[in-house]
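Asker: Going line by line, the protein sequences match chains A and B.
Following numbering that gives the first Met the number 0, the numbering of the first sequence begins with 0 at its first residue and continues without gaps.
Following numbering that gives the first Met the number 0, the numbering of the second sequence begins with 0 at its first residue and continues without gaps.
I should point out that these hints are in silico values taken from the structure, not numbers from a laboratory.
Be aware that one or more of the hints could be misleading.
The list treats identical chains as one, so a pair stands whether inside a single copy or across any two.
Said to hold, decoys possible - Below, a list of computed lysine-lysine pairs in the BS3-like style, where the Cα atoms sit at most 27 angstroms apart:
(1) Lys37 with Lys383
(2) Lys114 with Lys314
(3) Lys298 with Lys116
(4) Lys364 with Lys85
(5) Lys28 with Lys104
(6) Lys318 with Lys114
(7) Lys114 with Lys85
(8) Lys104 with Lys175
(9) Lys314 with Lys328
(10) Lys327 with Lys314
(11) Lys318 with Lys116
(12) Lys282 with Lys298
(13) Lys237 with Lys43
(14) Lys353 with Lys86
(15) Lys388 with Lys104
(16) Lys37 with Lys116
(17) Lys28 with Lys282
(18) Lys234 with Lys37
(19) Lys388 with Lys338
(20) Lys28 with Lys328
(21) Lys282 with Lys314
(22) Lys353 with Lys282
(23) Lys389 with Lys104
(24) Lys116 with Lys338
(25) Lys347 with Lys114
Protein chains: 2
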Amino acid sequence: MINIAVLGYGTIGSGVVEVLRINGDSIFKRAGDEINVKYVLDLKEFPGDPIMDILVHDADIILDDPEVKIVVEVMGGVEPAYSFVKKALLNGKSVVTSNKELVAKHGAELLDLAKEKNLNFLFEASVGGGIPIIRPLNQSLTADEIVEITGILNGTTNYILSKMSEEDIDFETALKNAQALGYAERDPSADVDGHDACRKIAILSSLAYGMQVDFEDIYTEGISHITDIDIQYAKALKARIKLFASSIRDEDESVYAMVAPVMIRADHPLYSVNDVFNGIYVKGNVIGDVMFYGSGAGKLPTASAVVADVVDAAKHLNKNIWTIWSSKKLELISTDRVKHRFLVRVSKENNTLKDMEALFGEIEKVPEVVTDELAFITPLISEKDMKEKKEQISGIVGSVRVRF
Amino acid sequence: MINIAVLGYGTIGSGVVEVLRINGDSIFKRAGDEINVKYVLDLKEFPGDPIMDILVHDADIILDDPEVKIVVEVMGGVEPAYSFVKKALLNGKSVVTSNKELVAKHGAELLDLAKEKNLNFLFEASVGGGIPIIRPLNQSLTADEIVEITGILNGTTNYILSKMSEEDIDFETALKNAQALGYAERDPSADVDGHDACRKIAILSSLAYGMQVDFEDIYTEGISHITDIDIQYAKALKARIKLFASSIRDEDESVYAMVAPVMIRADHPLYSVNDVFNGIYVKGNVIGDVMFYGSGAGKLPTASAVVADVVDAAKHLNKNIWTIWSSKKLELISTDRVKHRFLVRVSKENNTLKDMEALFGEIEKVPEVVTDELAFITPLISEKDMKEKKEQISGIVGSVRVRF
Chain A
0 MINIAVLGYG TIGSGVVEVL RINGDSIFKR AGDEINVKYV LDLKEFPGDP IMDILVHDAD
60 IILDDPEVKI VVEVMGGVEP AYSFVKKALL NGKSVVTSNK ELVAKHGAEL LDLAKEKNLN
120 FLFEASVGGG IPIIRPLNQS LTADEIVEIT GILNGTTNYI LSKMSEEDID FETALKNAQA
180 LGYAERDPSA DVDGHDACRK IAILSSLAYG MQVDFEDIYT EGISHITDID IQYAKALKAR
240 IKLFASSIRD EDESVYAMVA PVMIRADHPL YSVNDVFNGI YVKGNVIGDV MFYGSGAGKL
300 PTASAVVADV VDAAKHLNKN IWTIWSSKKL ELISTDRVKH RFLVRVSKEN NTLKDMEALF
360 GEIEKVPEVV TDELAFITPL ISEKDMKEKK EQISGIVGSV RVRF
Chain B
0 MINIAVLGYG TIGSGVVEVL RINGDSIFKR AGDEINVKYV LDLKEFPGDP IMDILVHDAD
60 IILDDPEVKI VVEVMGGVEP AYSFVKKALL NGKSVVTSNK ELVAKHGAEL LDLAKEKNLN
120 FLFEASVGGG IPIIRPLNQS LTADEIVEIT GILNGTTNYI LSKMSEEDID FETALKNAQA
180 LGYAERDPSA DVDGHDACRK IAILSSLAYG MQVDFEDIYT EGISHITDID IQYAKALKAR
240 IKLFASSIRD EDESVYAMVA PVMIRADHPL YSVNDVFNGI YVKGNVIGDV MFYGSGAGKL
300 PTASAVVADV VDAAKHLNKN IWTIWSSKKL ELISTDRVKH RFLVRVSKEN NTLKDMEALF
360 GEIEKVPEVV TDELAFITPL ISEKDMKEKK EQISGIVGSV RVRF
């Protein structure tokens, strides 16, 4: 029997306890031993819940108990999670976490510590909910040099953008619906401003390139400026708008990363990733294109990923599973020189297509959606040039990056 | 330095040597040691190829050399591959293979032998080419009871069906084009009759349910009976025809498996898997839907999967990676009782919709594609009942299973 403890009895924590109960028999078979939840840590009480018998309010009871071999941290946030996880590793316990803030901030250090202690620090559930992506990156795509990772990594924004498109509603209405359904928080900024996706692409990039990618360095733009008119343009172009979190390695081996809405067409592997689903596209120099798809959040899918890590930790109690993520910082190149095409919307009152051609060169006309607007797609242009040119246009309504 | 040997210098074997050369540095980092190809086995000569220096024609030179720690078997076919692999394991070498015939036939036995000898028998490349699916099934989806695996597992048939649809051509023309491009063999029967997909779903099912699924027990139907008119019906129904290889666990825990063309709509995760790409959809009882997508064949993608297994074998030289695939046979239930809806095409001369309603109950009318035909979709009906009813129809033109 292997004793574990669950820190945090919220959505994911209670999901972990539930999955271990529902699938206990097959998990036993796969782990080679029974997984027993010895403690649950939470500040609250849960009257009537069977976990009351094992509920504790003091983390040290868990962290100082040598019988606990694996600690599951599903509290979220950097502190006190970081202190608890560090102490757990120092005290000889492997750690499984779903906490993207913790992993993005302290992943390299905690992996080093786990390695030093011959333990494991596993975090499959921190990106893409239930989708297996951390382990495939770490153990399956090992023959490749990764040249691009692009993910739809935030279910809330993907749901909002999908509904804006399907139901012809504006951003605020779609957000309110998402909040009513529990898909968005009351304070939605972490999701809609792209911060959640930013931390996740930082984790994936650090693993793909084997060096520390600091999330603070990643250019991050959310979706709150995307209007129902932008969506109509996308439809007119047989395209969809998705919040992409990307990191791309140039031919000269420099890497840039950004989170921003982009228009894609049906030929992109992520085009069919709709609603709350997540998808992660990876391009390797020999494997070519691969894509992973599934529920990016939700109680049971996320708990499934956490428990799969518990099984792995149980199978490797005193053997470190090697993960290459050095604490050496990867200096991202500025997005200034990154090139995209852009859909640009300008007022007809102040602008003509001729003006725009004079400014951008050969532009692609776009079907009319709003009578008082001109819209067109630019040639490939760097972010810096685009910014400068936008300042020269009076009556600019908006712009969205285009990947086709 | 870890010495390996490559058995077979065809497309995949030469790809393996190429990937180890192109990405040698990063593979070194991930394996923790240099991977050195000490021998290549092939009956042919390759004048001018650098591997000539290490080419041998006698497998025993490799199998009896204690310096060789990992044997890569990429010859294909059951014999002599099976004898070579068995001897390699008996002589203390881990084995990596891309050989689906070998794995489907002898997987359980070779896994047992590897475990007994504290070695590894790895076969990521045997299903889905470069797509990571074996390792995710074995190591990532361990918290779940798998209730369905459905794959588009054969690139040749997917290419043919995609082109029939995109270019409005018939089966024979699409097959000839595929042969001209090297996507189909001169004798295409292993692909178009479904035998290749059948072996692959047998492997995935054995891993998912942990017991031996014999490919001979799987109901297998190919695509050669699919006509351009069937494709037109699919288009009229906003659907596509795909060769699905499925295994599904019922609520009473009985499993059935089948390979057959089916019509699906855009809401199915595999709808966008076109051309030579493969996709594998997995449904777990807690994770819900996940899908893996990528190149299902091709020199470098397949070699990428083989080399990733070599890296894993190198990291686990004297430690068996546990795989649950018992040699105990899983008795599949007969497909007789499996239910589908069917698109049925009958001649107008002999039949009326009224007749068909009398026979099937409530049917769904389908837009007219051919003037002298009636087409409709049946309610859910068992394979057995469908077979019996088809015999009662004079002037039946064809039928295709429908998954919507």
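Asker: Please go over all the hints and tell whether each is borne out by the structure.
Answerer: Cross-check of the supplied hints:
{"no.": "1", "hint": "Lys37 with Lys383", "result": "neither (56 angstroms within a copy, 51 angstroms between copies)"}
{"no.": "2", "hint": "Lys114 with Lys314", "result": "both (16 angstroms within a copy, 15 angstroms between copies)"}
{"no.": "3", "hint": "Lys298 with Lys116", "result": "neither (31 angstroms within a copy, 41 angstroms between copies)"}
{"no.": "4", "hint": "Lys364 with Lys85", "result": "neither (56 angstroms within a copy, 64 angstroms between copies)"}
{"no.": "5", "hint": "Lys28 with Lys104", "result": "between (35 angstroms within a copy, 24 angstroms between copies)"}
{"no.": "6", "hint": "Lys318 with Lys114", "result": "both (9 angstroms within a copy, 18 angstroms between copies)"}
{"no.": "7", "hint": "Lys114 with Lys85", "result": "within (13 angstroms within a copy, 35 angstroms between copies)"}
{"no.": "8", "hint": "Lys104 with Lys175", "result": "neither (31 angstroms within a copy, 55 angstroms between copies)"}
{"no.": "9", "hint": "Lys314 with Lys328", "result": "between (32 angstroms within a copy, 26 angstroms between copies)"}
{"no.": "10", "hint": "Lys327 with Lys314", "result": "between (30 angstroms within a copy, 23 angstroms between copies)"}
{"no.": "11", "hint": "Lys318 with Lys116", "result": "both (9 angstroms within a copy, 20 angstroms between copies)"}
{"no.": "12", "hint": "Lys282 with Lys298", "result": "between (29 angstroms within a copy, 16 angstroms between copies)"}
{"no.": "13", "hint": "Lys237 with Lys43", "result": "neither (50 angstroms within a copy, 52 angstroms between copies)"}
{"no.": "14", "hint": "Lys353 with Lys86", "result": "neither (65 angstroms within a copy, 75 angstroms between copies)"}
{"no.": "15", "hint": "Lys388 with Lys104", "result": "neither (36 angstroms within a copy, 64 angstroms between copies)"}
{"no.": "16", "hint": "Lys37 with Lys116", "result": "within (23 angstroms within a copy, 35 angstroms between copies)"}
{"no.": "17", "hint": "Lys28 with Lys282", "result": "between (35 angstroms within a copy, 20 angstroms between copies)"}
{"no.": "18", "hint": "Lys234 with Lys37", "result": "neither (53 angstroms within a copy, 56 angstroms between copies)"}
{"no.": "19", "hint": "Lys388 with Lys338", "result": "within (14 angstroms within a copy, 60 angstroms between copies)"}
{"no.": "20", "hint": "Lys28 with Lys328", "result": "between (40 angstroms within a copy, 18 angstroms between copies)"}
{"no.": "21", "hint": "Lys282 with Lys314", "result": "between (30 angstroms within a copy, 24 angstroms between copies)"}
{"no.": "22", "hint": "Lys353 with Lys282", "result": "neither (39 angstroms within a copy, 54 angstroms between copies)"}
{"no.": "23", "hint": "Lys389 with Lys104", "result": "neither (35 angstroms within a copy, 64 angstroms between copies)"}
{"no.": "24", "hint": "Lys116 with Lys338", "result": "neither (45 angstroms within a copy, 54 angstroms between copies)"}
{"no.": "25", "hint": "Lys347 with Lys114", "result": "neither (62 angstroms within a copy, 73 angstroms between copies)"}
Violated hints for the displayed structure, listed by number in ascending order: 1, 3, 4, 8, 13, 14, 15, 18, 22, 23, 24 and 25.
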